[in-house]
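**Student:** What follows is the residue order along each chain.
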Amino acid sequence: MATSAVSFGALVTLEELVPSSPQFTQGASLRVTGKLQEYDIETAIASIVEGNASLKIDTQHLKVNLHIGSLYQFIGELLIDPSNQAILRARVGRNVDGMDLNLYHQSLQLLRGFQAEQMNSTTS
Amino acid sequence: MDALYNTHVKLLAFDFLKLTPSPTDPSSFFRRGKRLSRAETVGIVVTRDLKPGKFVKFTIDDGSGCISCVLWLNQLNSSYFSRRNPSDVRLIAQAATDFASDLQLGVLARVRGRITDYRGALQISVSDVVVERDPNMQILHWLDCMRSLAMLLARILDSDCSASCARICGVER
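Chains as they are written, first to last, in this note's numbering: chain A, 1 to 124; chain B, 1 to 173.
For reference, chain A alone in the conformation it holds in the complex:
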């Protein structure tokens, strides 16, 4: 099977990204979506929220205009410090204002189920 040199960002919701989840792994490549709640210009650290969950995003390598209250999607690698605090070092980011989040979440579950079925059919 052909593979790409860069890891794809696994789709994950902020509410799923807890220390007990398999995606909460040092260096994991993830794609996250959330509303921009805070942004520190000096450190380039943003904070996005989704429901009751939040995640810090290191945006220093991005060329994206960030506006508080807008919806953003970031792809990058998860960095976890010794106190289990996580920050996503983003490689790319984009404004996704207008995205239907209900549709997104439902489609995400559908996609996961679909991929799992494909994997099961391949291995069985």
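Worth flagging that the hints you see were computed from the coordinates, not collected in a lab.
Treat the hints loosely; a few may be bogus.
With a cut-off of at most 27 Å between alpha-carbon atoms, the simulated DSSO-like pairs for lysine-lysine come out as follows [stated by the list, open to error]: (1) A:63 x A:35; (2) A:63 x B:54; (3) B:57 x A:63; (4) A:35 x A:56; (5) A:63 x B:51; (6) B:18 x B:34; (7) B:57 x B:18.
Stretch-level coverage of chain B by chain A, calculated; a stretch enters the list once three of its residues show a Cβ under 8 Å from a Cβ in chain A [what the hints assert, rightly or not]: (8) 44-56; (9) 62-73; (10) 79-88; (11) 105-112; (12) 142-148.
In silico contact screen, one side only, chain B against chain A (beta carbon under 10 Å); selected entries [as the list claims (entries may be wrong)]: (13) 12; (14) 14; (15) 33; (16) 138; (17) 139.
Positions of the beta carbon are idealized from the N, C-alpha and C atoms, including for glycine.
Chain A is fixed; fit chain B onto it per the hints.
**Tutor:** Leaving out everything else, chain B in the frame of chain A:
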């Protein structure tokens, strides 16, 4: 004649990377027994390597995997195009240049082209690029891909997998 052979088949990266090359025809690839030559993907541009006048190599991440793509920019110097009408070649070259400038890191792009095998790695040799401004287009692409594969499975397989996939996508068998 294979109905899908000259169609830009919408594929998840997860699916694209499972294509198997034909042993007899370098332009053909197989997916669940169906012969394909062209594909369409929608995802975020996560890498971009521009060689002006030659090509731009980039990667599309659609959330299920990454697809390598190459957009050729050498039409004006290429012997492949030397026999064609020069004004047509200039139009093709200008279109390719415009596509290359649209392909910036972080944009959501719809990319179509021929499936090729470069040194054992599958990639798309790009013919068209559209930057999608509506963020819901990524979701639509996922649903389109899943639906088309479920329909394909419903036709060619009689298995628990096809039944489950058809149920997930709401496709009648």
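**Student:** Decide, hint by hint, whether the structure agrees.
**Tutor:** Status of each hint after checking the structure:
Taking the CA atoms of residue 63 (chain A) and residue 35 (chain A), the gap is about 18 Å. The hint holds against a cut of 27 Å. Distance hint between residue 63 (chain A) and residue 54 (chain B) is fulfilled; the C-alpha atoms sit about 26 Å from each other, no more than 27 Å. Between residue 57 (chain B) and residue 63 (chain A) the alpha-carbon distance is near 20 Å, which keeps this suggested pair within the 27 Å criterion. With a CA separation close to 11 Å, the supplied pair residue 35 (chain A) and residue 56 (chain A) stays within the 27 Å bound.
Between residue 63 (chain A) and residue 51 (chain B) the alpha-carbon distance is near 21 Å, which keeps this suggested pair within the 27 Å criterion. Proposed proximity of residue 18 (chain B) and residue 34 (chain B) is supported: the alpha carbons are some 13 Å apart, at most 27 Å. Straight-line distance between C-alpha atoms of residue 57 (chain B) and residue 18 (chain B) comes to about 21 Å, which keeps the hinted pair within the 27 Å bound. With 4 residues having a Cβ less than 8 Å from any Cβ of chain A, the stretch 44-56 of chain B passes the three-residue criterion, so the hint holds.
Coverage of a stretch by a chain is defined here by at least three residues with a beta carbon nearer than 8 Å to that chain's beta carbons; for the stretch 62-73 of chain B and chain A the count is 7, and the condition holds. Coverage of the stretch 79-88 of chain B by chain A is violated [criterion: at least 3 residues with CB-CB distance below 8 Å; count 0]. Under a criterion of three residues with beta carbons nearer than 8 Å to beta carbons of chain A, the stated coverage of the stretch 105-112 of chain B is upheld, 4 such residues being counted. Chain A is given as covering the stretch 142-148 of chain B, and this holds because 3 residues of the stretch bring a CB closer than 8 Å to a CB of that chain, at least three being needed.
Residue-level restraint check for residue 12 (chain B) holds (minimum Cβ-Cβ distance to chain A is 8 Å; threshold 10 Å). With its C-beta approaching chain A no nearer than about 6 Å, residue 14 (chain B) sits inside the 10 Å limit, and its interface hint holds. The beta carbon of residue 33 (chain B) comes no nearer than 14 Å to any beta carbon in chain A, farther than 10 Å, and the hint placing it at the interface is violated. Because the beta carbon of residue 138 (chain B) sits about 8 Å from the nearest beta carbon in chain A, less than 10 Å, this interface hint is met.
Because the beta carbon of residue 139 (chain B) sits about 5 Å from the nearest beta carbon in chain A, less than 10 Å, this interface hint is met.
Consistency note: the structure conflicts with the earlier hints numbered 10 and 15.
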